[in-house]
Every structure is written in structure tokens, then in C-alpha cells.
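Student: Since chain A is already given, all that's left is putting chain B on it; use the hints.
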Amino acid sequence: MPRAAAFAHPSDRRSDAELVDAIRLGDASAFNILYDRYFQRVYHFAYARMRNAADAEEAAQETFTAVFRSMDAYRGQSSLLSWIYGIAKNTVNNQIRRTRAQEQRIERAQGDLVREAGHALESCTPEERLDLRRCAEAIDAALSSVTSWQAEVFVLRHFEDLPIQEIADRMQRSNDAIRSSLYRVKRLVVEAVDPEMATGEA
Amino acid sequence: MTDEAMADFTIEELREFLQADSLEVPVDPAFKERLRRKLWDLLQEQLRKRRGDA
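Protein chains in written order, with our numbering: chain A, 1 to 202; chain B, 1 to 54.
Bound conformation, chain A alone (with noise of 0.2 angstroms):
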């Protein structure tokens, strides 16, 4: 893999079309040239946009996936620049719509807990009234400290129970990124709950 420092040099003057042939023949220095010409202005344009550095790093991360998965099919008949740009709108734009409805229902799912543990809380012990409390906060503050996306999962999992499968299809990423996903919101919840548990767990 090529580092930056060993290959990009700030005094390469190729254009963009330039290192668009070399990448396509495995030059490791235009690569490393192209993605340091454009990865500030698509990471800061998405910061400036989402305003959240969790989310700007998914879109960077979307927008130059794209970019170079379809490198082969780009035919310089805008420039370089423009067509990355539009790219980067577009995933930032779809992203913020997906964020938008991803809150919407982390909302109703939390208005749901609340009210769950409402009717739950007056039928219990004033002890078990304290600890049901406790849970409902501990899941609030984790769900609002995690990205929109994990938030979203750990909703869908456990409140609208659905299987793993339909969650990864669904929010299109792998069986094992939902479950590290799944697992990070509980092991928050379960910090703020019982810290002690949470350290043997470790």
C-alpha cells in the first residue's frame, strides 16, 4: 500500500486527467496525488453540510468509493473536479435525507420507551421503578451518542425486532458491521447502567 509521504509530492504538477490514466495503469504516486487533491475539499465540504465529523467521514468514504469504482468509466467529458463534486452532492444529500427519516423514527422509537416504561413503572417496586428509569435514560443518551445510523440499527434490532439479515440488507452494510453496531449501543447502555458489569465484560 503507498503511503502519502513516500509517494505524493505537493510539486507533482500532472492535471487531474493526467493522474486519471496513470491510476488506471496501478501508479501508486497519482493515486496518492489525486486522493490529497480532493479529499479536504470533499471531507470539509460534507463537515460543512452535516456538521457532524461521524458523518462527513461516511460520505467522504461514499463519495471517493464511488469515485474510484467507476474511475474506469469516466470519460473526461466534464472535468474531474466537477464530476467528483457531483458525486460528493449527491451522497452528502441522499445521507442528510437518510439521517432526516433515521431520526424520525429513533424519535417515535424513544417516545415508544418512554411510554413503555411508563405503563411498566406502575406496576413496580419503588427499586424496580429506579432501575427501569435508569435503563430508559441509559439507552436515550446512547442512542443520541452514537452515529445516526447505529442508533438506527440498535432501534430496528430491539424495538421493531427485526433479524440481523433484514437490518444489514436494509441499511446495506454487512451482518458483522451490524452486530459490532448492536454490540457498541448495549456495551454503552450497559456502562451507564452497571459500570461494574461493563468492566468485567471487558
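These are calculated hints, taken from the structure and not from any lab test. One or more of the hints may lead you astray.
[Unchecked claim] Now the in silico label distances, taken between C-beta atoms and shown as ranges: (1) Q165/A <-> T10/B: 39 to 47 angstroms; (2) I11/B <-> A17/A: 18 to 26 angstroms; (3) R37/B <-> H158/A: 28 to 36 angstroms; (4) R50/B <-> H158/A: 39 to 47 angstroms; (5) N94/A <-> A30/B: 19 to 27 angstroms; (6) P29/B <-> R187/A: 24 to 32 angstroms.
[To be verified] Which bits of chain A does chain B cover? Going by a derived footprint, with three or more residues having C-beta under 8 angstroms, they are: (7) 26-36; (8) 44-54; (9) 59-72; (10) 81-89.
[Stated by the list, open to error] Take a look, some chain A residues computed to stay more than 10 angstroms from chain B by CB distance: (11) I96; (12) Q104; (13) M171.
Bear in mind that the values here come from a model prediction, so they are computed numbers and not experimental data. No residue lacks a Cβ here, since even glycine has one placed at the ideal position from N, Cα and C.
Tutor: Showing chain B alone in chain A's frame:
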């Protein structure tokens, strides 16, 4: 959107994109390098497939 013909934006938007170079937003260097490796692997895989097809 990867179709070149589908590019749909204004000069102002493109300028905003270019101006991102001067913004000071902290980037996690580990993320940048991780993504670099992933993309390079992706390119290598595509190159291998193309050579295999030839």
C-alpha cells in the same frame, strides 16, 4: 451519481466546494489514511480483475 452527464449544480456550488480547501475543520488523520488504504485496495482489485479479463 457517477454519470458524467448527470452533473447538476451551479458555479457557486462548485466554488463552495473549492473553498473547502481553506476551511479549518479537524480531520482525523487515522481516518484519512484508513480510507486511503481501502481505496487503494479497491483499485488494486479492479486492476487485477481487468488484467484477468484481458
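Student: State for each hint whether it applies.
Tutor: Tested hints:
1. The given range of 39 to 47 angstroms is respected by Q165/A and T10/B, whose C-beta atoms sit roughly 42 angstroms from each other.
2. Take I11/B and A17/A: their Cβ atoms lie about 21 angstroms apart, and the range 18 to 26 angstroms holds.
3. For the hinted restraint 28 to 36 angstroms between R37/B and H158/A, the CB-CB distance of approximately 34 angstroms keeps it satisfied.
4. In this structure the supplied range 39 to 47 angstroms holds for R50/B paired with H158/A, their Cβ-Cβ distance being about 44 angstroms.
5. At roughly 26 angstroms, the beta-carbon separation of N94/A and A30/B lies within the given 19 to 27 angstroms, and the hint holds.
6. About 26 angstroms separates the C-beta atoms of P29/B and R187/A, a value consistent with the hinted range of 24 to 32 angstroms.
7. Counting residues of the stretch 26-36 of chain A whose CB lies closer than 8 angstroms to any CB of chain B gives 5, so the stated coverage by that chain holds, three being the minimum.
8. By the rule of at least three residues with a Cβ nearer than 8 angstroms to a Cβ of chain B, the coverage given for the stretch 44-54 of chain A holds, with 5 such residues.
9. As drawn, the stretch 59-72 of chain A meets chain B at 11 residues by the rule of a beta-carbon pair under 8 angstroms; at three or more, the given contact holds.
10. Counting residues of the stretch 81-89 of chain A whose CB falls under 8 angstroms from any CB of chain B gives 8; the rule of at least 3 is met.
11. Distance check for I96/A against chain B: the nearest CB is about 15 angstroms away, which clears 10 angstroms, and the non-interface claim stands.
12. Annotated as non-interface, Q104/A keeps its C-beta farther than 10 angstroms from every C-beta of chain B; the closest such distance is 25 angstroms.
13. The beta carbon of M171/A sits about 19 angstroms from the closest Cβ of chain B, which is more than 10 angstroms, so the claim that it is off the interface holds.
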